[in-house]
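4 protein chains.
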Amino acid sequence: MNIELGLNKKVRRAYGIDEIALVPGKRTLDYDLTDPSWLIGDFKRDVPIVASAMDSVVDVNTAVELTKLGALGVINMEGIQTRYKNPDDVLNQIASVGKNDFVPLMQKIYSEPVKEELILQRINEIKEMGGIAAFSGTPQAALKFKETLNNSNIDLFFLQGTVVSTEHLGVEGKETLNIKELCQSMKVPVVAGNCVTYEVAKLLMKAGVAGLMVGIGPGAACTSRGVLGIGIPQATAIADCSLARDDYFKESGRYIPIIGDGGIVTGGDICKCLACGADAVMIGSPIAKSSNAPGKGFHWGMATPSPILPRGTRIEVGSTGSLERIIKGPALLDDGTHNLLGAIRTSMSTLGAKNIKEMQEVEIVIAPSLLTEGKVYQKAQQLGMGK
Amino acid sequence: MNIELGLNKKVRRAYGIDEIALVPGKRTLDYDLTDPSWLIGDFKRDVPIVASAMDSVVDVNTAVELTKLGALGVINMEGIQTRYKNPDDVLNQIASVGKNDFVPLMQKIYSEPVKEELILQRINEIKEMGGIAAFSGTPQAALKFKETLNNSNIDLFFLQGTVVSTEHLGVEGKETLNIKELCQSMKVPVVAGNCVTYEVAKLLMKAGVAGLMVGIGPGAACTSRGVLGIGIPQATAIADCSLARDDYFKESGRYIPIIGDGGIVTGGDICKCLACGADAVMIGSPIAKSSNAPGKGFHWGMATPSPILPRGTRIEVGSTGSLERIIKGPALLDDGTHNLLGAIRTSMSTLGAKNIKEMQEVEIVIAPSLLTEGKVYQKAQQLGMGK
Amino acid sequence: MNIELGLNKKVRRAYGIDEIALVPGKRTLDYDLTDPSWLIGDFKRDVPIVASAMDSVVDVNTAVELTKLGALGVINMEGIQTRYKNPDDVLNQIASVGKNDFVPLMQKIYSEPVKEELILQRINEIKEMGGIAAFSGTPQAALKFKETLNNSNIDLFFLQGTVVSTEHLGVEGKETLNIKELCQSMKVPVVAGNCVTYEVAKLLMKAGVAGLMVGIGPGAACTSRGVLGIGIPQATAIADCSLARDDYFKESGRYIPIIGDGGIVTGGDICKCLACGADAVMIGSPIAKSSNAPGKGFHWGMATPSPILPRGTRIEVGSTGSLERIIKGPALLDDGTHNLLGAIRTSMSTLGAKNIKEMQEVEIVIAPSLLTEGKVYQKAQQLGMGK
Amino acid sequence: MNIELGLNKKVRRAYGIDEIALVPGKRTLDYDLTDPSWLIGDFKRDVPIVASAMDSVVDVNTAVELTKLGALGVINMEGIQTRYKNPDDVLNQIASVGKNDFVPLMQKIYSEPVKEELILQRINEIKEMGGIAAFSGTPQAALKFKETLNNSNIDLFFLQGTVVSTEHLGVEGKETLNIKELCQSMKVPVVAGNCVTYEVAKLLMKAGVAGLMVGIGPGAACTSRGVLGIGIPQATAIADCSLARDDYFKESGRYIPIIGDGGIVTGGDICKCLACGADAVMIGSPIAKSSNAPGKGFHWGMATPSPILPRGTRIEVGSTGSLERIIKGPALLDDGTHNLLGAIRTSMSTLGAKNIKEMQEVEIVIAPSLLTEGKVYQKAQQLGMGK
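Quick mapping for you: the protein sequence lines, in order, are chains A, B, C and D. Mapped onto the numbering used here, the consecutive letters of the first sequence carry residue numbers 121 to 507. Mapped onto the numbering used here, the consecutive letters of the second sequence carry residue numbers 121 to 507. Mapped onto the numbering used here, the consecutive letters of the third sequence carry residue numbers 121 to 507. Mapped onto the numbering used here, the consecutive letters of the fourth sequence carry residue numbers 121 to 507.
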């Protein structure tokens, strides 16, 4: 709070992941000595990547494949998969609509009700194929479908809104979600978000969440920051919430993983989030680029279908390779979007970090020129880091 | 004054609204619990938006519609509406002229004299249709037409120049406006501006103004900042003037609303201005985009017609929807330019602010990467926040 | 020296004119009360503008017209005007050569020797037409042509190199210019530059110069900063040198005007230079845009013709109006490039500055968003401030 | 460590070479008095430029010519020259492949094994033509080919990896390079890198290296910073490592030259690196632009051929002149890419620096606007500094 915005306000400076760089220390490591595994609930995952609960990113097949690759995929419980028995037609419509007609189409598609039986069906399909059944819902959906979920084979529940808080003031007479009660009454761990501050992170941990999604509005297809003016750039948000995790761990003995969510395009972005303190990241657009993604080369924000205030758009991300190539390589692209696990482990080996905990402690510098210094040709020719 | 510009100058850093972000606190609210209403003079308005006194933005019909939507529209007393009995031809000329011929055309159009009877006619037309009759004039026009206005049905007068001060040194023998006398002798409240500093804001409040417009040169079609080098970015300007309002309120018991004027393109921009301390905003280009705006898809700065030193240009803003859709939604666009009231209230609900006063107290961070972090695709494809 | 560049270096931050803004104070003035006149040698000039000693900017006719408009124009004593009896052919060649062949053409054109008789002829032509005969030369040319100039009708001599110093170490046996001796032995005042620091400015003043040009490398067509890595952004350079002027004035009673030279595109840029402490500005590209300029719509840097290391390029500036319109208006453009005097005086009136001395004392803020805040349409449509 | 990235992290700000500028002092020098020579091992070089060990930059012929021009060229011991007896076909393939097929082609080309006899052949070819035989290898190659090199006519060995450290933790049972042992057992001086911090630089010097390459990821064709998130902008990296050199010199009496490597496009960039503390620079793309370069107008990063995680791309740099013209001029381009030695010496003369040591002590300022101030036309027209 050391900057004077104006005579009436002292404020902080917050940093984005494009403004920082990681600094090699005096030790380096062999690639094979790095271990980026992490724990969410009781699930140990070898890859610190969670695919976002977005309709362009995760469906039943990709959720299963992500599980097998050592990562995790979350299905949007209020998305196309649970509104439509046969989602493919709808996904094709979205992939082929013109950019001016996109918002009204989305508003129409998402006006179809979510169906309880489809939620159960999708959970069962994943379980039958050997996947981890992780589903996300908004606070309203959590209230509505809690019993359904408790009677299902679900493994993990992600309570996800643009912003969540433990203290939501509702209109009198209308039921409001109590996150503490939800955590106690759900039979599976509840991962919650999104939040960006130490205080809210700590309150959510005290309420019993099993993981925390950090990030408001940085998503590639999200426009919330423009529409609402709200958010904190990711480097600072993750750093602040990570301290809440560490403090809470000291107080309680419970270690709640921090999942940096949004604004991540390359392997380098993931590494920076881990170094800021995240235990894993949640990514949408990098996974939507896989040839098996339900978005068919497109990706869209989950606040887009709002009937009154859409806060997301549709971007074209293309299909650049298989999901396996994107997660585990080998890479055929030089821009950090293939072999994300290889990028994480190579970065760890270069930085001398054996595991995520050591990665969280590497030196960071503020370095806005990291991505532009010397890159005039790449930028002019839209290659590599200049794409 | 802690930065050394050079050996002879210590200066401050001033911030623009693109450099800040709003931070959610520990409380969130239901949308229905938010109340963004405010008071100007004795008029309570449900929408904290004033449409600019610009010829591309407000005419009689839009002024009336804005009143009915809970907002406010101001008519330029020295504009096309009061120079021409039938302004439509002139507006069509402006909308169809090539960009190289624009300035001379404007200089010609605005050389036609302002007519007292048209001022009175426009006031009466608004009143007959149930609108609030708010008109703006420069200091020179205020001197010239004060009696006319005092004998009319006008509701609010906006005294507006690029920069106003309570201490204007005039050439000897030439009458100079005394703002204090004007406020005392006008039968309606006088809202004045523009200013950007604590000191001038305080002096104008002491002179008796009923509202203050804050902002020099940020307007979408304005070029004053380039031509004159003058201005303070809006976040700091609003913050400084808001402290003047609070201090003056403590001293006098009079609460003078601060109206952030200029530089506002999206709902997020409005929310940021409120969080910096504004009670409402004055916007031009976002309203000029309505299908009923007099600008017919174009928007131009009010210092453009100057016969010797034009300081505004004409921009094409398009026609994206009805005035109602822009103010109250539902939005069909995902970029924060439809449903501005919805954006304000959603932001307030997310930030836990019940009313404008609480909105003025939300946490702000300096966050230049807020609008770019993760948005590479939107920028490359000119979608959403990348438009 | 409060910033750590690295462990071995403490450095300062220097600011450019695009990073600052001027802040209106509590007083405003009528336009007619502003007086931007200044004194160079014994010449009082009503317009604080000097046209650069560049071949695209000043020839005999424009020098005379600038004198009559109240400004000043300097002729390059080692340029096309003094190498060629009939420069028009050469100027046409430059205006029509392709961009890849420009440098070799320049190297060839400037290999023609400077002719003493043409120097004298140009001086006489100006004097006969009633102009002020101001000529510039490098240190080498000053050595070579000093006697010629002392036997001519010259009014002012500008000693101008990319960088000048009072302590130049030469190769043994080779004559080196002593600026103090030059100032004493020239019959006319010597204006010198360029420099950017307090220390050098003070030493040059002590050596007897009658004016100081401040700025290294910001010129529109100059590439020295890229080729050599040298320079200080103009706001800081002018501020530092202005303090040297004030300190020297206190010590000696001699007031040496500071001329901000380079990096100036608009009226706003000029106003910012004056507010940083300049008494006048030297401008090239804005004058090269006049329909009577010798550059015929083009402008080039004076270090371009170097046979071994060109440090300037040729830019197309177009011809946008008469010299009178550019200096005194009325403006037909809205981007601050017409009516520069009007812009200066309007800015002074808005800022409450009666004269240059008061203009040098107006409040400045660091405001990088001054020129971008709210200007998305102008930038996208390349209009006004977005050109 | 004075900036709060977040509540859990205090960090430093690091600066890139585009963010700084060099400040002329009170003395200037004749060009002929400047001496930019330096010493690497026992080789005195008149030009402080080393051409990068990249396949697009140095082959036998260019290595020899660089020696004769007073500079130095390093051959990549694991590149095309040592994998293929007749490299020309392969180089033509690289120059003609489409950008989407580039990575797989590179992966294929570099899967051909390195041949011991070709290493020896290239060394002998250089020696026979009178050149300095400088070869680079990764730590793995150093282990593998150490004996071969010790039995050859090599002059200098460059141990080069993206990041090297003196403390590399290897998988048990796998041999790991000990840099100290390597330096002791090699018959020629070992120059090592890259590194970016004081601590690692000091440790490498203590291990016995004869020179240090500083810079991680700034190279024109490198994408490591994007893929891994790692690096420190060059100005700070060079400044930090230079202090290590000075401290080590005080302790040991051995002076280890610092070679700024990467991110350098123009003469101005070289000058800035020297002023930050470098003794010389290693450059790739500026040399790849020579008409005799093996890249044939293209340039690519050396981490590109990685079979699992490519971290470099191919950029088109064109062929703009002979190697002699690029190093020693005369320049036919105005953008600082011809006559690099002339740029260094002109900058030294302007800054009053007689030799590299004095150049390392010139004043630097943080000046992000150095390269943009006043350059609107160059940028819009892609000329000079706007290319």
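Source of the hints: derived by calculation from the structure; they are not laboratory data. These numbers were taken from a predicted model, which means no experiment stands behind them. Some clues are possibly wrong.
Since copy identity is lost for identical chains, a pair holds within one copy or between any two.
With a cut-off of at most 20 Å between alpha-carbon atoms, the simulated SDA-like pairs for lysine to any residue come out as follows [unchecked claim]: (1) Lys219 - Ser439; (2) Lys219 - Gly438; (3) Lys507 - Thr492; (4) Lys307 - Glu287; (5) Lys507 - Val496; (6) Lys266 - Met306; (7) Lys499 - Phe369.
Do the hints match the structure? See the list:
no., hint, result
1, Lys219 - Ser439, "both (19 Å within a copy, 16 Å between copies)"
2, Lys219 - Gly438, "both (16 Å within a copy, 16 Å between copies)"
3, Lys507 - Thr492, "both (12 Å within a copy, 15 Å between copies)"
4, Lys307 - Glu287, "neither (23 Å within a copy, 48 Å between copies)"
5, Lys507 - Val496, "both (12 Å within a copy, 9 Å between copies)"
6, Lys266 - Met306, "within (7 Å within a copy, 63 Å between copies)"
7, Lys499 - Phe369, "neither (44 Å within a copy, 40 Å between copies)"
Checked against the numbered hints listed earlier, the structure breaks hints 4, 7; every other hint is satisfied.
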